[in-house]
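Please build the complete structure, drawing on both the sequences and the hints.
According to numbering that gives the first Met the number 0, the sequence shown is numbered sequentially starting from 0.
Hint data in this document are derived by calculation from the structure and do not stem from the laboratory. Any given hint could be a false lead.
What the hints assert, rightly or not - Straight-line alpha carbon distances no greater than 25 Å define the calculated DMTMM-like cross-link-like pairs of lysine to aspartate or glutamate that follow:
#, residue 1, residue 2
1, Lys122, Glu85
2, Lys122, Asp106
3, Lys122, Glu177
4, Lys226, Glu196
5, Lys130, Glu143
6, Lys225, Asp215
7, Lys109, Glu80
8, Lys226, Asp216
9, Lys130, Glu196
10, Lys109, Asp145
Unchecked claim - Beta-carbon label-pair distances, calculated as ranges:
#, residue 1, residue 2, range
11, Ser235, Ala148, 33 to 43 Å
12, Gln238, Glu213, 48 to 58 Å
13, Ala148, Asn47, 52 to 62 Å
14, Val183, Asn144, 31 to 41 Å
15, Arg259, Leu165, 58 to 68 Å
16, Phe162, Glu85, 48 to 58 Å
17, Arg251, Phe162, 49 to 59 Å
Every value quoted in this text rests on a predicted model; they were computed, and no experiment measured them. Note that CB positions come from ideal geometry on N, CA and C, so glycine has one too.
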Amino acid sequence: MPFGVGIGARPKPKGVGQGPKDGPGPVVILVTPQMGENIGTTARAMANFGLSELRLVAPRDGWPNERAFSAASGADWILQEARVFETTAAAVADLTRVYATTARDRDMVKPVVTPRRAALEFKAFIDDGRKPGILFGPERTGLENDDVALSHTILNVPTSPRFWSLNLAQAVLLVAYEWHMLGVESPDRFLRIGQTEPAPQGEVQALVDHLVAELDDAGFLRPPEKKPSMVRNITSFIQRAEPTTQDVRTFRGVIRALTRRFQRNAPKPGA
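Shown next, in the form of structure tokens:
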């Protein structure tokens, strides 16, 4: 049954979503978690990336646990709504797809997926009206074979073979992150430009023309047969920089300042 807990609990913040399209997400199930702090940091990781349904199977130190709330850093609503079960079988009874996280080889024939692949499958199952869940084992030993046997699929986080162990919250965070990223529409890479704006192509080309003209006057673009390729390289370099309007103004100011200094220092005719 759900536990409502009043240990300095805070309500769920407004606007907190659940990953793709703010819809339901996969259930996180901690099997025999050993420390309240790890339950709390797990809740924090879930909240970071839009998961909210937490289930606990026979937590070692009982439930509710004040240390869990202290470690949750404000993700208290997840702990307030956490459900506690006596067995793993009971915790997954209403689920239609179960994933077991493990780094060890098991003597079982089951498909193995990465967190990224699992996130895609979660979405497909949820869109189809099914309810997936993810089993995470105790901190020191991981899931028992009997727990893994209840799963349809093994979820494995690729790590360095020299040091492959993850703590509980790390493992949950990695899986939750991949789920969350399915609903993030911003590009993987973008330029933060503050109060300015990207320079129109006309301004960029004017900068190139300005620079090329001054370099030509200074005798840099030699020999003549190499000038076209040198100009192309300069143009490509400036284009790759994706200059803002402020960048263009600054760069052209630099060119003018250098040109004035060159002109002041140039030998006077007849000198």
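Of the numbered hints stated earlier in the document, which are not met by this structure? As far as the earlier hints go, 1, 2, 4, 7, 9, 11, 12, 13, 16 are violated by this structure, in ascending order.
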